[in-house]
Structure formats: C-alpha cells, structure tokens
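**Q** So the chains spell out like this:
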Amino acid sequence: MLDVRHCATLAEAAGIVSGDRQAVLLGGGTLVMRDVNEGRLTEGTLLRVTDPVFRRIEAGGGRIELGAGVTMGMILANRDLAFLHAAARAIGGPAVRNMASVGGNLFAASPYGDFTVALLALDAQVVVQAGFGSGRAVPLEEFLAARERSGPALVTAVQFSRPSNPGEFHFRKISRVRPKGISVLSIAAHLPQSGGRMAQVRVAYGAMAPTPIRARGVERALEGKSLDAGAIQMAKQAALEGCRPATDAIASEWYRREVLPVHLGRLLAGDGR
Amino acid sequence: MARHEGRGMASVNYPIGMNLGGDPSQALIHSNPDGKFTVALSAIDLGQGMKQVSRQIAAETLGVPIEDVHVDTADSDTGPHDMGSFASRGTHRMGNAIIVAAREARGVLLEAAAEELEVDAGDLVTDGRGNIHVRGAPSRAITVKATAQAAQFKQGKTIAGRGIFLIPLSAVDAETGEMNPNTAFAHACLVADVAVDDETGEVEVLRMTSAYELGRVINPRMVEQQLVGGAWMGMSHALYETPEPYYPNPEHGPRDFNEYLMPGPGEIAPYHVTVLERPAPDGPYGGKGPGEMCANPVLPAIANAVYNAVGVRVDELPITPEKILRGLQANGGVKPGPRRGGPVNWR
Amino acid sequence: MAKIPVQFRLNGSDRAAFVDAPETLLNTLRRGLGDFAPKYGCGQGACGVCTVLIDGEPHLSCLTLSVACEGKRIETASGMADGPDLHPLQAQFMEHFAAQCGFCTPGMLTVARALLDRNPNPTRDEVIEAISGNICRCTGYEPIVAAILAAAGSPGMRRSEGGRHA
Amino acid sequence: MLEMRKDLFADERDDNLNVIGKGLQRQDMPGHVTGLTRYFDDHAFEGLLHLKVVRSPHASARIRSIDVAAAARAPGVRRVLRAADVPVNRNTLLSLIGFGKDDEPSLAVDKVHYKGEPVVAIIADSEAQALAAKKLVRIDYEPMPAVFDVEEALKPGAPVVNETYSANYFEYHERFDHQKLRFGDVERALASADMVLEHRYQMSPIEHAPTETNGSIAAPEQNGRFVVHSCAQGLFFALGTAAKIVALESNRLHFIGGTVGGGFGGKVDSLTEPLAVLGAMVTGKPVRFVLDREEEMLYGSPRGAERIYIKDGLMRDGRLIARHIRSYFDAGAYTRLSSYAAIKCTAHLPGPYWIPNVASDVHVAYTNRCPSTAMRGFGITAVDFALEVQMDRLAEAAQMDPMEFRLLNAYRDGDMKPHRRKASNTALIECVQVAAEKANWPISEQGKRQSSLTGGGVGERGQIPATVLDARGQIGRPETRNSGPTQTLPAGSSRIAPSKQPVMEGARDGRAAPAQVPRYEAARPAAAPLSPPPYQPAPSPYQPVTGQQPPPYQPPPAPPATAAPVQTQHGAVRFSSVFGRRR
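These protein sequence lines are chains A, B, C and D, in that order.
So in the working numbering the end of the first sequence lands on 273, straight run, no missing numbers.
So in the working numbering the end of the second sequence lands on 347, straight run, no missing numbers.
So in the working numbering the end of the third sequence lands on 166, straight run, no missing numbers.
So in the working numbering the end of the fourth sequence lands on 583, straight run, no missing numbers.
Honestly, the hints are just simulated from the structure, not real lab data.
Please note that the accuracy of each hint is not assured.
What the hints assert, rightly or not - Capping the alpha-carbon separation at 27 angstroms, the derived lysine-lysine pairs in DSS-like fashion look like this:
1) 101(D) <-> 111(D)
2) 3(C) <-> 135(D)
3) 3(C) <-> 22(D)
4) 155(D) <-> 134(D)
5) 111(D) <-> 244(D)
6) 335(B) <-> 323(B)
7) 323(B) <-> 236(A)
8) 236(A) <-> 335(B)
9) 285(D) <-> 135(D)
10) 6(D) <-> 285(D)
11) 101(D) <-> 155(D)
12) 145(B) <-> 323(B)
13) 36(B) <-> 22(D)
14) 134(D) <-> 3(C)
15) 154(B) <-> 36(B)
16) 157(B) <-> 145(B)
17) 155(D) <-> 111(D)
18) 72(C) <-> 3(C)
19) 448(D) <-> 422(D)
20) 22(D) <-> 145(B)
21) 134(D) <-> 285(D)
Given only the sequences and the hints, what does the whole structure look like? Please build it.
**A** In structure tokens, the structure reads:
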C-alpha cells in the first residue's frame with residue numbers, strides 16, 4: 001500500500017529519495033496522483049515537501065530562481081515573471097495551474113511539459129539534490145536528455161537569467177482545443193537583439209521529440225542576423241533539424257513536421273495567429 | 001498564407017422513437033389529498049429535461065398549475081415500465097402515456113367536482129390556476145384542493161390515472177425492407193460559415209444558422225438547450241472527436257479529456273436557430289423530439305463549407321487539419337468555390 | 001493501515017475526518033463527510049467536476065491529498081447558497097438554463113466563484129479562461145459563459161470564505 | 001439564440017394552451033445549481049465495497065490459464081469473480097425484445113475478442129486495494145489474429161471475431177448477411193441517368209464522453225432484495241438485463257436512477273449493473289462498480305464507425321432518379337445494438353428526398369474492437385453526413401445551388417418512401433427556406449414559393465414502383481454476393497401489413513377506458529392538396545446556365561422478370577471515389 005511522508009526540509013526528502021527506490025516526490029499531484037487513481041502506483045511512499053524553500057520565487061534581480069514546488073498559478077501572480085506568463089498559462093486550466101509545479105513539468109511526458117520548453121529557451125539550469133547530477137546545477141538540456149534513464153531524482157529548483165528585454169522572449173503553444181488543450185507543438189524563442197542583430201539566440205520546441213528540445217538549426221540560422229523575411233525563411237528551412245515528433249491522439253508525426261515551420265515562421269514574424 | 005472563408009449547408013430529417021415501434025412507456029399519476037399531483041415514472045432524465053417535459057404535459061392535461069405537479073422518476077418499485085431515454089423517444093412516447101394517465105385522473109377530478117357542485121361533469125372546465133368551474137359560469141366554481149379533499153375524505157374516490165403508449169412492433173421484409181417505421185419526423189436545415197487556414201489546415205467555425213421543425217415545442221428554453229448543445233456536439237463530431245484517430249488502426253486511442261478532442265469554450269460559434277412547429281399527428285400536443293437530431297446537420301454542413309472555402313473534400317470524419325492539409329497538397333493549393341450570399345440576417 | 005486525522009473548515013464549519021494516507025480530498029468529502037457536490041469525473045485532472053476552493057483558489061480535489069488539507073479553508077458548491085438565498089451565480093445559472101445534466105455544474109460554479117472573487121467584472125475572454133479546465137458535454141458552454149457574465153457585478157455577490165481572506 | 005416562427009403551419013396548431021409552449025424553469029434546476037441533485041454515486045452506504053475488473057490487453061487471444069490466488073489473498077480483497085461465477089454468462093441486450101442471439105459474456109470464458117474485455121472482477125474494501133489486487137492476477141494469453149476493418153472482416157478466411165456469428169456479420173431474417181431495401185429498379189435508372197456519382201464516406205467512431213462515467217451501486221435490501229443505484233438510460237432495460245445475467249426474479253431488484261450525468265446513448269448497455277448486483281449477492285455487502293475515465297474512454301462502448309458507399313443517378317436538370325447505398329456498421333466484437341441501427345438506417349434512406357429508384361444494403365460487421373452501441377442520432381448521424389456531402393457534390397455536378405437542389409428533390413406530404421409508406425407531416429422545404437433567409441443565402445422566387453403541403457404524391461411520387469429483387473448475400477453462400485436479379489415485384493406490391501394504430505390506454509375500476517388516441521388535431525381542416533406544376537428550378541443568378549437541355553427523364557417501364565444487362569448510356573459522366581486513391 002502507499003504511504004505518505006511529510007518532509008519539513010528538502011534535505012530530508014533528498015535522503016529518502018536516495019535510499020528508497022519506491023519513494024516518489026509529490027509536486028502538485030497532477031502526474032503522480034493520476035497514477036495513484038488509476039492504479040499504476042500502488043506501492044511505495046509519496047513524499048510531500050513542506051519546506052518553504054521548495055515553493056520560493058526569487059525574481060527580484062537578474063538571476064531568477066524558482067523552487068521546484070512553485071506552481072504555475074504563483075508564476076502568474078508574480079509581476080516580475082510577466083515574460084513567463086504565456087508559458088505558465090499554457091498549462092491546464094486555472095485549477096491545474098494552482099497545483100502543477102515547475103519541477104513536475106520537467107518530468108511531464110510529451111506532448112506535456114510546455115513550461116519546460118520556455119525554460120529551455122532561457123538556458124535554465126536544474127538544481128538537483130538527489131539522483132542524476134546530485135549536488136549541482138545541471139543544464140536543463142542535459143537533465144532532459146538523461147531524464148528517462150536516470151531514475152528517481154529530487155529537483156529542488158530551476159535557475160535562469162532574466163531576459164534583458166522581455167519583449168525578446170516569445171512563447172507559443174499550438175493546440176487543437178482553446179483555450180485549454182494539450183500541444184500539437186509548442187515553441188519558445190529568446191531572440192536577444194544587439195545593434196539590430198540577434199545574438200545568443202535560443203529556440204526550443206515541445207512535442208517535437210520525446211522531451212523538449214533545442215532547435216539548433218534555427219538558432220544557427222538566426223544567429224547574427226537581423227529578424228527579417230530572409231532570416232525567417234532560413235529559420236523555417238532549418239526548423240525540423242533534430243525533430244523526432246511522435247504520432248499520438250492529438251496529431252501525427254507527419255502533421256507536426258508539416259506545420260512546425262509554419263508556426264515558427266509566424267512566431268518569428270510576430271504574426272498573431 | 002491565407003485564411004479562406006466558406007459556406008456550406010445540409011438538410012435532414014429524423015425519426016422520433018424506436019424505429020419499428022414495440023417500445024412502450026407507462027405513467028402513473030395520483031393526487032395528494034390537497035390536490036397536488038405526483039407523476040410516477042421510470043423514465044430517465046440524462047439532462048435532456050425529461051422531468052420538466054413530463055411535468056408540463058401532465059399539468060396541461062390535468063388542467064392544474066405547473067407548481068402542483070411533481071415528477072418522480074426513476075424508481076422501479078413505484079414507476080411503471082418504460083423502455084428508456086434513447087432514440088428521441090422520451091417526449092413522444094412518455095408524453096403520450098402521461099396524457100392518457102392525466103386524462104383519467106382529470107376525469108375523476110371533474111367527477112368529484114361535479115358531485116360537490118351538483119352539476120354534470122361534462123359541463124366543467126379547469127382554469128389552469130387551481131380552479132374548476134362550470135363552462136361559461138366562473139362563479140360556480142370549486143378549487144382543485146377542495147375537490148381533492150372531498151374526493152379523498154367524503155366521496156372515497158382515487159384521483160389517479162394510469163397510461164400506456166405503444167406503437168405496435170412492425171415486421172421488416174427481408175427482400176424489400178418494407179416496414180412500418182415511425183411516422184413522426186422532425187426536420188432541419190443548417191448553414192455553416194467557416195474559415196480555413198491553408199498553411200495549417202485549421203478550421204474555425206465562424207457561425208451557424210439553422211431552421212428546425214420539431215412539431216409542437218413543449219418548452220422553448222429546453223429546446224434551445226438541446227439545439228445549442230447539439231450544434232456544439234455536431235461541430236465536435238465534425239472537426240475533433242474520435243476514440244480511434246487512425247481508424248481502422250486502433251492505436252493511439254485517447255485516454256482522457258486532454259487527448260479526446262472536443263471544442264472548448266474558446267471555440268464557441270455564434271448560433272442562430274429558428275424553430276418551426278408542424279405538430280405531429282400522434283405526438284403529445286403535437287410534440288416530436290429534438291434530442292438526437294440536433295448534431296446531425298452540422299457534420300455535413302461543415303464538410304461542405306470546408307469544400308466551399310478551399311476546395312478540399314474530406315469524406316472521412318473527423319475533418320482534421322491534417323486531412324485538409326493533405327487535400328490541399330493533393331489539389332495543388334486552394335480552389336475556392338462560389339460565394340454564397342451576404343452577411344447573415346441576425347446578430 | 002492506521003487512519004490519519006485531518007481537520008479543516010468545510011463551507012464555514014469545522015470538520016474532521018479520519019483518512020487513509022493516500023486518500024484524495026474528493027473521496028474524503030464525498031465518502032467521509034457526505035458532501036456530494038464535488039463529483040468524480042476522471043481522476044486525471046482533466047474534467048474539473050471535482051473542483052473545490054482551497055483557501056479561495058480552485059483546486060482539483062481528485063488530485064489533492066486529504067492529509068495536505070490540514071487547517072485549510074475548503075469550499076464546495078454545497079456552501080454557495082446562504083440558506084434559501086442563492087448566490088448570484090446560482091441564480092444566473094438558473095436564469096440562463098446553464099445546466100442540462102447538471103453534473104458539471106458544481107465545478108463550473110466553483111471556478112466561476114473563484115473568478116468573480118478575484119475579478120468582479122471579467123471580460124468574456126476571462127470567463128472563458130476561467131472555465132477552460134471544466135468539461136461540459138451538454139450545453140456547448142455558451143449558456144454558462146452568459147450566466148457568469150450576467151452574475152458579474154451583481155448586487156449581493158458573496159465572496160467565498162477563502163476569497164475574503166485571499 | 002432561438003427564434004420561433006409561429007406563422008408557419010399556424011393553421012395546424014391550437015396555440016391556446018396553458019403551460020405547453022412556455023419556457024418554464026426545469027424541475028431539476030434548483031438541485032443542479034445547489035449541488036443537491038443526487039446521481040447514482042451520491043449515496044452513502046456503510047461497508048461499501050469496490051469492484052474493479054481486469055481487462056484483456058489483447059484484441060484477440062485464447063486464455064490458457066487464469067491464476068487469481070495471489071489476488072484473492074491481497075489485503076482488503078473480499079472476493080474474486082471469474083466467468084464461472086456468473087449465473088448466465090451470455091447475453092445480448094436486445095434479447096429483452098427478442099432480437100438477436102446471446103453472444104456476449106459478462107466475463108470472458110476462454111477467449112477474449114477485444115482489448116479491454118473484462119476477464120476477472122475483484123471486490124475489495126477500497127478502490128486502492130482493488131486496484132492493487134488487479135496487478136496480482138496472472139492470465140496467460142495466446143494471442144490470435146485480429147481484424148479491424150469492416151470490409152476485411154467480411155472476407156472469406158478473415159479471423160472469426162464472434163463465435164456466435166462466425167462469418168463476422170449479423171444475420172438478418174435468418175437469410176441474409178445484411179438488411180436490404182429495394183424500391184424500383186436502381187440499376188436500370190442508373191443506366192439512364194445523365195451522370196452517375198459514386199463516393200465513399202467514413203464516419204469515425206465517437207466516444208459519448210458524458211462527464212459522469214458509467215457505474216452503479218448494488219446493495220442488499222431486506223427480504224432477499226437488492227437496491228441498485230444506476231446510471232442507466234433505460235431503467236427497466238438495465239433491470240431486465242441484470243436480472244437475466246444474475247438469474248434473479250425481476251421483483252427482487254429495486255432499481256433507482258433517472259438522474260444521470262449525461263448519457264448520449266452510452267448508458268444503455270448495462271455495463272456495470274450485472275456485476276455490481278452479483279457482487280452484492282456473493283458478498284452480502286453493498287458493491288460499487290464505477291468505470292474510471294480511461295475505461296470509459298477506451299472500453300465504455302463508442303458510437304460505432306460506419307463506412308458508406310453512395311451511388312447516385314442524376315439528370316442534368318438536377319433531378320435525382322436513383323440512389324444505391326451500401327454501408328457497413330462496425331459493431332466491434334459483440335452485437336449490443338448495432339443490429340437495430342441497421343434497420344433504423346434502412347428506414348431512413350434515401351434521406352428526406354423523393355427518389356423514384358432506391359436500394360440499400362446495410363451490413364453489420366464484427367471486428368476485434370470494443371463493442372459499439374447507440375449514440376445520439378443512432379443509425380442516422382453517419383449516413384446523414386454521407387448523404388448531405390453527396391448532395392453537395394450532386395448539386396455541383398448539376399451546376400445548381402445546393403439550396404435549390406434540396407428544394408428540387410425534397411420529399412413532400414404524400415410522397416412514397418422506399419420502405420413503402422407515404423410521407424406525411426413533412427417540413428424539409430420550409431426549413432430550407434427559413435434557413436436560407438436567415439443566413440442571407442439567396443434562393444429563387446420559385447424556390448421560396450415551394451411547400452411541403454403541395455405537389456407531393458402526384459403520379460409516380462405516390463406509387464410503389466415495380467421492384468427488382470435479388471438474393472445477394474445469402475447466409476452461408478458467399479457465391480451469392482455478386483449474383484443478379486431474381487424476380488420483379490409488380491408495382492403496388494406490399495407484403496407487410498400496415499401498422500396498427502398506436503395503443504394508448506388508461507383504465508380504472510377494472511374497465512377499459514375508451515381506446516381514444518388523443519391525436520393532435522388541426523385547428524382548421526387542411527386544404528385539399530393542390531397539384532401545382534412540378535417544380536422547375538429557376539435559372540440561378542449565381543450559376544451558369546447548363547448548355548444543352550437533356551431529354552426529360554422517363555421512369556423506366558416495368559422490367560422483365562430477368563433484367564437485361566444494363567448499358568451505360570452514351571455520353572454519361574461517371575465519377576467515382578470508390579476505387580480511387582485512398583485518402
């Protein structure tokens with residue numbers, strides 16, 4: 001049978017995760033409790049972290065840290081995180097957003113995990129206290145690549161730099177159902193401009209591979225360019241590099257490949273649709 | 001890229017009740033000693049409004065105020081047999097059974113009133129506000145309440161009624177398909193306006209305009225509920241829904257309301273419906289049944305509107321963005337059809 | 001396995017229950033405390049019929065551990081009316097015939113209540129966003145949106161207990 | 001937004017009614033908005049047990065062995081049910097009205113025929129314990145070939161889906177592998193048509209997706225009775241089905257329901273009641289069996305998919321002279337209600353139009369998927385999609401506006417329908433006119449003057465034509481699939497007695513009341529039907545006028561007993577998607 005343990009500190013939770021292979025960290029419950037309700041999870045220990053650090057937002061300065069237990073609702077209530085509101089609002093409906101956490105989103109299987117796509121385009125680092133990369137900040141891309149094979153992990157926070165110009169950070173989720181639907185695909189793009197040219201471009205996709213991925217081809221195509229029709233065309237041509245989208249109930253692999261360049265082009269062109 | 005608007009229509013009819021008959025409904029009605037009536041059924045209200053439809057039919061036939069009728073359903077110990085709530089049969093079949101039961105109860109009510117007023121029951125009418133009076137002489141009156149009390153405690157009469165409605169089962173000819181199916185049919189015509197994105201294949205339903213002929217409308221607010229909700233479901237069937245997205249390949253079946261696609265509140269299409277009433281000769285007060293048919297015309301109307309917009313026929317439902325995109329590629333691009341009319345005559 | 005005591009406020013009253021460790025708030029409310037307004041619709045967080053307010057904010061009770069609700073203020077659709085006086089949202093749902101089967105109605109009312117507590121005069125888009133986690137299979141949503149918009153700004157709007165404290 | 005058009009058909013109505021026609025508040029609405037409405041699951045029972053089923057992971061497999069020993073010992077488990085524990089473990093829903101053979105077990109016996117088929121039921125103190133115990137049931141399966149396409153399933157040598165109907169089709173009239181409709185001579189009319197259009201349509205399956213999943217609670221009452229709180233759409237349907245399967249007299253079951261969280265047809269199948277009652281019988285405790293959402297989505301029986309082929313004969317002036325429909329209902333692994341849908345569909349054809357020559361062949365095919373069932377618009381929704389998209393194509397082929405095309409071909413009062421009964425109480429034309437007006441879709445003045453009340457039943461429109469019969473699709477004789485006509489039924493032939501009047505009877509004091517049918521009566525007698533000139537569509541302002549006038553269509557004379565090979569008329573245009581590319 002399942003047990004529940006309440007952990008007053010993250011260290012306590014980390015200790016349990018390290019020693020108990022059947023311990024599962026309960027974030028907002030949107031992933032784990034579903035497994036409980038449907039009988040996939042019937043044995044082991046659910047860890048509930050009550051450490052205030054777990055739900056702490058530090059967003060006053062240039063370096064931002066979000067505790068893994070921070071919910072989408074908390075992000076939406078924080079004006080310093082306005083550039084992330086589109087990504088946070090892409091998760092579920094209001095009730096889900098009051099529960100779904102930043103840390104949980106890192107573990108959501110495709111086509112879920114859209115907030116992580118935004119974090120990936122922000123070059124976020126994942127702070128891990130147990131499991132893969134324990135004791136250090138791991139680049140998110142590395143963390144995601146290791147997610148499936150690395151076993152239980154206790155993520156305590158994510159860190160990233162605030163975009164110097166929030167208007168240069170873009171997020172778009174394409175879903176069949178509005179306003180709440182899961183992803184056909186999602187795109188996040190950080191397009192810092194300097195002297196009319198883009199530098200340090202970061203573009204990430206959701207639902208175009210088993211985990212959120214960086215769009216390296218697009219980043220290369222845009223790097224050092226001004227954001228004009230020519231650059232957008234080149235970005236669209238490079239859009240599918242590295243993509244391995246799935247066929248699922250929402251869309252086929254064919255369709256995802258077909259429309260990704262269209263939606264990328266629209267995002268880059270600032271087209272509202 | 002471009003967004004292409006198109007317009008399509010469809011017209012349909014729909015049979016009311018189990019097609020071959022053989023689907024009885026029964027009703028029991030009785031009065032409390034103070035003239036408040038209970039209709040006991042085993043009919044099912046799954047949201048379509050069976051309880052309220054039954055209540056209005058019973059109140060109309062009894063000739064009493066709606067507040068004086070309560071519908072108690074469904075309990076197999078108290079409600080007599082009914083086939084069920086499906087096949088748009090509730091209003092039609094159960095409504096008729098209730099009329100029969102209510103007529104009988106009304107007959108006793110009027111006999112009891114006649115005895116109290118010392119007149120002939122055939123001369124009595126109800127005013128629908130709780131009174132019974134001599135036709136043409138409203139002052140020679142007695143309340144339903146006083147009548148019921150007299151019937152119960154003085155005259156020893158049961159103000160009650162029972163009713164059944166059955167369309168006898170029809171045979172079907174094996175070689176010709178000859179049969180006696182339903183005679184009550186409802187009708188509809190629906191126009192859908194859509195916009196199609198030629199780069200993504202996404203369809204937006206801009207608005208729908210329809211006319212429905214439903215026989216007597218028992219309750220227009222509830223008819224509106226059915227038709228508006230049904231049009232949403234038709235839009236959903238047309239563009240979104242399937243438990244097997246790659247049918248007949250059974251893989252990738254949706255497991256939840258995230259994967260099973262239905263339009264959300266952000267996709268509501270403005271909808272105008274005009275209702276016509278051609279009473280059904282065998283319907284309760286001429287009523288038919290709008291419950292099932294209201295999704296049906298939406299599917300082809302949207303399919304035809306998509307064709308009108310971009311020239312792609314999608315003959316396999318649902319009309320997904322993928323199928324439209326594949327159709328556009330096969331056609332070598334957009335081939336819009338003729339424009340059909342101007343802005344709709346409603347807001 | 002030993003039962004665990006939990007206390008919280010439910011619709012303004014102090015309530016206590018003994019629960020299993022992994023028991024959901026939905027089960028505790030329904031089977032333990034007899035409040036049947038929150039419904040089971042999916043257990044997956046995708047339909048909204050189990051929505052309750054926890055400290056004024058909508059949560060899915062099917063995904064919430066009861067043991068995590070110690071000391072919280074929990075409100076369900078059962079507590080919206082003040083005796084015979086309906087909450088304006090309830091009155092407008094009636095006026096707009098915004099329920100057919102009625103199964104989604106408690107959840108819809110709950111998310112609408114949270115919206116109006118925070119934003120007494122929402123736009124149509126804000127109403128749509130607020131109900132976007134709640135499935136209705138009968139109405140096509142339009143009557144529900146209309147009812148919430150009509151209730152917005154109504155005199156006599158009572159805030160949820162959690163909403164007052166928020 | 002809803003608008004009433006009281007002016008239309010006003011002389012057929014008495015609008016002087018008290019409460020009928022009024023938008024009064026629903027009796028159930030106060031309960032809905034206060035959360036007080038009680039659905040089947042909103043009832044408290046002391047000692048409530050929970051039932052969960054173990055389902056087949058295979059679409060088709062032989063069960064080699066089942067080991068429930070570990071599950072039976074698991075914490076909280078009260079009882080494990082297997083096929084042998086079900087008193088009458090074979091049923092078909094419509095056996096209650098004597099239609100079809102029992103073909104479906106409550107718990108699979110030695111084979112499974114679809115993914116998700118229940119095999120074992122576990123009853124435990126809590127849902128969590130039942131779910132945990134499910135994992136301990138060991139079932140050894142031998143996977144077998146499966147078939148998922150309706151037309152593949154009907155081919156000789158296809159895997160047998162349903163042993164009761166081993167050729168994978170429902171048997172009609174113990175003679176044919178499908179239900180036929182024959183009216184006139186379709187082949188001959190197609191041969192004389194200016195154009196023949198043939199297309200294939202595919203309706204998807206649909207999940208009913210009510211917000212309340214299927215479920216029930218059964219509890220022992222006193223005196224050997226059981227109370228059952230049920231979500232059923234037919235209370236006595238569920239009661240009768242449960243009574244048969246658990247072998248109890250019907251009066252030992254007390255079903256309570258009537259307040260259901262959405263159904264749409266998905267709560268007709270008694271998916272949970274029989275096992276819940278059986279659970280209460282064997283444990284002596286209240287037992288709750290509720291499908292979770294994933295079960296509801298995947299195994300809660302959908303609207304079946306339908307594949308429909310339509311072949312139409314069209315004249316250049318827009319008249320439809322022949323329609324042939326061949327369709328396949330995907331029943332899934334068991335019959336449930338699909339057999340009935342095929343009959344309802346047959347009666348519906350060819351849609352709300354008058355066409356002088358109509359034939360259809362409606363098949364019900366078994367495939368290795370979850371059995372399908374009724375859904376809102378059962379038997380009609382899919383074929384209406386196909387018919388109305390086909391009508392759009394036909395209008396385009398005839399170079400006519402779609403509205404005008406409907407008006408031209410619409411059925412009217414008095415027209416003979418292919419099932420050999422006259423249409424009455426029709427109103428398609430008026431719906432088209434009103435919808436066109438509101439949508440600002442221009443139609444011709446002549447189109448606006450058409451009426452359902454006039455012009456129908458005139459001449460051949462009111463007659464049963466001479467009809468060509470065939471013996472295609474005889475059970476057990478695959479070689480008859482493509483055989484030719486056998487005989488011609490003379491014009492006017494009818495072999496099914498006209499329907500009796502509806503029975504509508506109340507009685508008291510043991511005396512039958514007058515068998516009066518409270519028919520709705522027109523306030524004024526309807527005018528005698530006029531016979532206006534047949535409708536000729538006016539040249540449409542937004543359609544090019546077609547070039548050469550075709551010769552007027554003549555109904556074919558009664559053909560000889562054995563029809564001559566049909567010839568394609570010179571110059572006829574043929575369209576086909578039937579054998580075309582696969583989309």
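**Q** If a hint holds in the structure, say so; if it doesn't, say that too.
**A** To see whether the hints hold, each was checked on the structure:
no., hint, in the structure
1, 101(D) <-> 111(D), "holds, 18 angstroms"
2, 3(C) <-> 135(D), "holds, 24 angstroms"
3, 3(C) <-> 22(D), "violated, 54 angstroms"
4, 155(D) <-> 134(D), "violated, 38 angstroms"
5, 111(D) <-> 244(D), "holds, 22 angstroms"
6, 335(B) <-> 323(B), "holds, 16 angstroms"
7, 323(B) <-> 236(A), "holds, 22 angstroms"
8, 236(A) <-> 335(B), "holds, 26 angstroms"
9, 285(D) <-> 135(D), "holds, 24 angstroms"
10, 6(D) <-> 285(D), "violated, 57 angstroms"
11, 101(D) <-> 155(D), "holds, 22 angstroms"
12, 145(B) <-> 323(B), "violated, 65 angstroms"
13, 36(B) <-> 22(D), "holds, 21 angstroms"
14, 134(D) <-> 3(C), "holds, 23 angstroms"
15, 154(B) <-> 36(B), "holds, 18 angstroms"
16, 157(B) <-> 145(B), "holds, 14 angstroms"
17, 155(D) <-> 111(D), "holds, 22 angstroms"
18, 72(C) <-> 3(C), "holds, 19 angstroms"
19, 448(D) <-> 422(D), "holds, 24 angstroms"
20, 22(D) <-> 145(B), "holds, 24 angstroms"
21, 134(D) <-> 285(D), "holds, 20 angstroms"
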